[in-house]
Structures are given as C-alpha cells and as structure tokens.
Amino acid sequence: MSQTASNTSPKKRIGILTSGGDCAGLNAIIRAVVYAATRLGWEVVGIQDGTAGLLVRPMRYKVLTRQMFDATIMRLGGTILGTTNKGNPFKFPMPDGSFKDRSNEIIDGIKELGLEALIGIGGDGSMAILKTLANRGKFKLICIPKTIDNDVGMTESSVGFDTAAYVATEALDRLQPTAASHDRVMVLEVMGRDAGNIAMTSGIAGGADVILIPEIPYNLDKVAEKIMSVRKDENRNFALVVVSEAVRTVDGKALQVEHHGGEKRYGGIGHYLCERIAEVTGFETRVTVLGHVQRGCAPVPADRLIAAAFGVHAVKLVAEGKQDRMVAWSNREVIDVAIEDAIASQQAVDLNGALVRTARSLGICLGD
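So the mapping is simple: the working numbering equals the position in the sequence shown, first residue as 1, plus 2.
Note that these hints are calculated values from the structure, not bench results.
Careful: at least some of the hints might be erroneous.
Stated by the list, open to error - PhoX-like, lysine-lysine: derived pairs with alpha carbons at most 25 angstroms apart:
#  : residue 1 : residue 2
1  : Lys-318   : Lys-142
2  : Lys-266   : Lys-255
3  : Lys-255   : Lys-133
4  : Lys-142   : Lys-266
5  : Lys-234   : Lys-266
6  : Lys-142   : Lys-14
7  : Lys-224   : Lys-142
8  : Lys-14    : Lys-266
9  : Lys-255   : Lys-14
10 : Lys-88    : Lys-142
11 : Lys-93    : Lys-14
12 : Lys-14    : Lys-113
13 : Lys-228   : Lys-140
14 : Lys-142   : Lys-13
15 : Lys-88    : Lys-14
16 : Lys-224   : Lys-255
17 : Lys-318   : Lys-64
18 : Lys-13    : Lys-324
19 : Lys-255   : Lys-234
20 : Lys-318   : Lys-266
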C-alpha cells in the first residue's frame, strides 16, 4: 500500500528550522525531511534564520518542495534556511541595552503557521531553548543533533562532526610536508567548545605527536619533552601539535576573543602554545587556526548518511505522534531518546575510552 496520503486527506503541516552554529550536513537533513514528509502527503515549512524567523512580522519562512532538493543540495555546506546562534528568546537583547522575554512571539508564530510539529536541528544549547518553548507553547518537538564538537549526549555521533574531523585531518596532512621542509614545529588549533573530540580524532588520524584537549590538564615540560624526543629518537626534523580551542594556559586561564556586541568566544590558545613551545624548545614554531573552515565545506559521506537517516526517523516520530524526542545514532542504528536526557549529559572525550588508549599506545603525548 502506498505511503502517500490520498487527495481527500487533510494535509498535515510540519515545520523545520536550523539553530546554532552551522555545520556540514544540514541541507542533507532538510532534504531527507522534505522527501520523507511529502511521501506522506504532508507540507513542510522551512523557518528561516532559526527562531529569529519567528520573531518578525511577517514571519520569514517558505514551503519546501521536493523540486527544490535534487541531489546537488546534499553536497552543499551550511544551511539554505539560515541559522542563528545568538539572541536567547527568553532574554533577548534590545536596542536600548535591556533584555526582554520574547518567547511568546515565537510560540504565537508556530501556532499561526498551523504546525503539527516542529523539527529542530541544533546542538545542546539550541535544543534546551526549543524544549522550553515547546513545553510552554504545548507544541510537539522532535530534535536532530548537529554539532561539529560531537558533544551532545546519548548519541555516538552528531551531524557535522565527521566532516570537521576530516578537515582537521587534511590540514595536518598539508602541514606535515611544509613542517619537514622548514625544520618546524606546527601547531594546529581546532574547534571544540568544551570537548576535545575533533582534536583527538584528527590528531590520531593525522599522525600528530602531541594532542591537547580540555579534558586533560597538560604540563608544558611534558609537551616540550615529547617534541625534543621526536626530533632526537626518531631522527625527525618536525613535529605536529593539535590543540582544541578550549584548552587553557598553563596557569589555567581561558583565552577568549570578544566580538562585536560583547560576545566572547574561545580563541588564542594556538598562538599562546606556539610562543611557549618555541621558548622552551628553541625550535621554529608556527601556528594554523582552522576556525570556520571546519564548518562550511561539503559534507563527507558519513555526515550525508547520518543526516538522511536522522531526517527520515524524525518524520517517522512525528507520524507516530511522538514528542520531546531526539534522534540519535547508536550501534550503527538510528534510535530516539528523551531530549531532556540528551542535553543533560555532555559527550566529552572518555579518558578511559578507545581513543585515549589508542593515542597513548601510539606514543602520542596528551600533555600529562
């Protein structure tokens, strides 16, 4: 029997939005949702610029059709819907410097659109906001985890992580020849808000000598000792160091950069370590900061696959009348868990896990 609804059936309308920082694979999720939902005869409304699209009148949204999503969209980085990672609707910054609770405007917008349910694509912060909105507005919410940091709990992987790790690994592949050509130590700073998953994964895959992550306090003398031993014992004239942006200085200071509007984000640890390593070892040292290069490229196959699986499962949950669920990846299968449980547990690097054991067995210095 065909899954497509008959012409006489009332058309169900669901919404979808992307929230938080962008990453590779978001468009593949949107495509999967549109394909799965339209097969059921539903209408999919894409809300533009995250919750910001619901804070203006007229609201910013568009009805999404299959014709808008051929296979080329899966190769496109970023999100065609736009996104936002600022402006908490419960404490929204106003032009006069004050803050206002604008959550009811978003809830009213969802009701005005006549949505059966909302599929929200975001990290733990975005999901927490959307869950509170759903509880207050009494609308059905299904979430899909996406974050290059891979720090959302209850899922082995989130959309965007594999691509970010691939980009960081490729950067190490490119830094190694120039490091060898100039007798240098190369420091690569990668993203990873409070989790070292990108640094650990790319560091092992890219043959790094030192990997520094926020989960493991480091000793600069240990780092220098490793770099010195590599050049002496292995008769190499270069060394590769990967550091997560959230790693602190030796005296425990978090290095941050203040952006326009007063927003502070991690930045500077790569340059800091570059100077310290050069001082202690005497070797010429250079730093490369990947930054947003890890976010905006075409998704690797693994991210396209998990994005498609997540999108399809999210529509299935809506069809079953479920709510307050997050789709997740576990043991090569798509499952779903309570949103509350997912955002309550951060997935940092497991200090007793396979990656740490592998790194240590390979002789990679983790700074301790």
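Hints, verified against the model:
1. Using a Cα cut-off of 25 angstroms, the hinted pair Lys-318 and Lys-142 holds, with the two alpha carbons roughly 13 angstroms apart.
2. Simply put, Lys-266 and Lys-255 have alpha-carbon atoms about 14 angstroms apart, close enough for the 25 angstroms limit, and the pair holds.
3. A hinted pair counts as satisfied when its Cα atoms are at most 25 angstroms apart, and Lys-255 with Lys-133 does not qualify at roughly 33 angstroms.
4. Taking the CA atoms of Lys-142 and Lys-266, the gap is about 33 angstroms. The hint is violated against a cut of 25 angstroms.
5. Between Lys-234 and Lys-266 the CA atoms are separated by roughly 41 angstroms; this puts the pair beyond 25 angstroms, and the hint is violated.
6. At roughly 13 angstroms between alpha-carbon atoms, Lys-142 and Lys-14 fall within 25 angstroms of each other, so this suggested pair holds.
7. Simply put, Lys-224 and Lys-142 have alpha-carbon atoms about 52 angstroms apart, too far for the 25 angstroms limit, and the pair is violated.
8. Taking the CA atoms of Lys-14 and Lys-266, the gap is near 42 angstroms; set against the 25 angstroms cutoff, the hint is violated.
9. For the hint pairing Lys-255 with Lys-14, the CA-to-CA distance comes to about 52 angstroms; that exceeds 25 angstroms, so the pair is violated.
10. Restraint check for Lys-88 and Lys-142: the C-alpha separation of about 23 angstroms stays at or below 25 angstroms, so the hint holds.
11. For the suggested pair Lys-93 and Lys-14, the alpha carbons sit about 32 angstroms apart, so the restraint of at most 25 angstroms is broken.
12. Pair hint Lys-14 plus Lys-113 holds up; C-alpha atoms about 14 angstroms apart against a cutoff of 25 angstroms.
13. Taken as a hint, the Lys-228 and Lys-140 pair is broken in the structure, with Cα atoms around 56 angstroms apart against an allowance of 25 angstroms.
14. Between the alpha carbons of Lys-142 and Lys-13 the distance comes to roughly 17 angstroms, so the proposed pair stays at or under 25 angstroms and holds.
15. Pair hint Lys-88 plus Lys-14 does not hold up; C-alpha atoms about 31 angstroms apart against a cutoff of 25 angstroms.
16. Using a Cα cut-off of 25 angstroms, the hinted pair Lys-224 and Lys-255 holds, with the two alpha carbons roughly 19 angstroms apart.
17. The suggested pairing of Lys-318 with Lys-64 holds, with an alpha-carbon distance near 22 angstroms, which does not exceed 25 angstroms.
18. In summary, the hint linking Lys-13 to Lys-324 is supported, as the alpha carbons are separated by about 18 angstroms, within the 25 angstroms threshold.
19. The hinted pair formed by Lys-255 and Lys-234 fails the criterion: a straight-line CA distance of about 32 angstroms is larger than 25 angstroms.
20. A hinted pair counts as satisfied when its Cα atoms are at most 25 angstroms apart, and Lys-318 with Lys-266 does not qualify at roughly 39 angstroms.
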